[in-house]
Structure formats: C-alpha cells, structure tokens
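J.: 14 is the number that this note's numbering gives to position 31 of the sequence shown; each next residue is one higher, with no gaps.
Careful: at least some of the hints might be erroneous.
[Said to hold, decoys possible] Calculated pairs, DSBU-like style, for lysine-lysine (alpha carbon to alpha carbon, straight line, at most 30 Å): (1) LYS69 <-> LYS(-8); (2) LYS(-7) <-> LYS47; (3) LYS(-7) <-> LYS27; (4) LYS(-12) <-> LYS12; (5) LYS12 <-> LYS27; (6) LYS59 <-> LYS13; (7) LYS70 <-> LYS23; (8) LYS64 <-> LYS32.
[Said to hold, decoys possible] Label-pair ranges, simulated between beta-carbon atoms: (9) ILE(-13) <-> LYS12: 47 to 57 Å; (10) TYR5 <-> PRO(-15): 17 to 27 Å; (11) LYS(-9) <-> LYS12: 51 to 61 Å; (12) HIS(-1) <-> LYS65: 14 to 24 Å; (13) ILE(-13) <-> ALA68: 26 to 36 Å; (14) GLN1 <-> THR54: 12 to 22 Å; (15) LYS46 <-> ARG16: 34 to 44 Å; (16) ILE(-14) <-> GLU28: 56 to 66 Å; (17) LYS(-12) <-> ALA56: 37 to 47 Å; (18) ASN53 <-> ARG3: 53 to 63 Å.
Hints in this document: simulated from the structure, not taken from any laboratory. On a predicted model such as this, the values are computed, not experimentally measured, just so you know. Every residue, glycine too, gets a C-beta built ideally from N, C-alpha and C.
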Amino acid sequence: MPIIKSAKKKARQDIHRQARNYLTRTALKKAIRTFNDAVKGGKKEEMAKALSAAYKVIDTAAKKKILEKNTAARRKASLAKKVAAKKV
C-alpha cells in the first residue's frame, strides 16, 4: 500500500486509467470480431461498414496511445487485405 500522498494519488489515477483503457481495448476487439464476421458473410455493404467502424476504433486506440502508431497501421493494412482478397 502506498504511504506517501502522491503515491496514493498515482494509485487512484492508475485504477481510473486502467478502466478507461480496458473499455477501448474491448471496443477494439469487438470491432475486429464484427469485421471478421462480416468478411465471412461476404456481403460488400456489411464489409465496408464493418471496415469503417474497425478503422475508427483502431485510430482512436492509437490516438489514446493504447496501440502504437505502427501497430495500428499494420492492423488496418491487415483488414484491408482481407477485404481485397474477398473482392477478387
């Protein structure tokens, strides 16, 4: 347990940030799962809508520094490849 006042405050902040990051990570996983389901379904409209939503969540996570910038770019490229493979 922290004893110093600033350490107690830091512990409170960490708990708050952890909860906020958890929500973003959960939304990220859900968006990617939804996208993968849309790709399996094969409907172009659903894929486009799910891809847009996934991009938005990935960009948000990168902006909040939950994902690194290059990791976000790599994930977006991976999703785009899946769409391109389905369209062929």
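J.: It remains to establish, for every hint, whether it holds in the given structure.
T.: Consistency of the hints with the structure:
{"no.": "1", "hint": "LYS69 <-> LYS(-8)", "result": "50 Å, violated"}
{"no.": "2", "hint": "LYS(-7) <-> LYS47", "result": "19 Å, holds"}
{"no.": "3", "hint": "LYS(-7) <-> LYS27", "result": "47 Å, violated"}
{"no.": "4", "hint": "LYS(-12) <-> LYS12", "result": "36 Å, violated"}
{"no.": "5", "hint": "LYS12 <-> LYS27", "result": "21 Å, holds"}
{"no.": "6", "hint": "LYS59 <-> LYS13", "result": "15 Å, holds"}
{"no.": "7", "hint": "LYS70 <-> LYS23", "result": "12 Å, holds"}
{"no.": "8", "hint": "LYS64 <-> LYS32", "result": "16 Å, holds"}
{"no.": "9", "hint": "ILE(-13) <-> LYS12: 47 to 57 Å", "result": "37 Å, violated"}
{"no.": "10", "hint": "TYR5 <-> PRO(-15): 17 to 27 Å", "result": "22 Å, holds"}
{"no.": "11", "hint": "LYS(-9) <-> LYS12: 51 to 61 Å", "result": "32 Å, violated"}
{"no.": "12", "hint": "HIS(-1) <-> LYS65: 14 to 24 Å", "result": "35 Å, violated"}
{"no.": "13", "hint": "ILE(-13) <-> ALA68: 26 to 36 Å", "result": "55 Å, violated"}
{"no.": "14", "hint": "GLN1 <-> THR54: 12 to 22 Å", "result": "19 Å, holds"}
{"no.": "15", "hint": "LYS46 <-> ARG16: 34 to 44 Å", "result": "21 Å, violated"}
{"no.": "16", "hint": "ILE(-14) <-> GLU28: 56 to 66 Å", "result": "58 Å, holds"}
{"no.": "17", "hint": "LYS(-12) <-> ALA56: 37 to 47 Å", "result": "41 Å, holds"}
{"no.": "18", "hint": "ASN53 <-> ARG3: 53 to 63 Å", "result": "23 Å, violated"}
In this structure, the hints that do not hold are numbers 1, 3, 4, 9, 11, 12, 13, 15, 18, in rising order.
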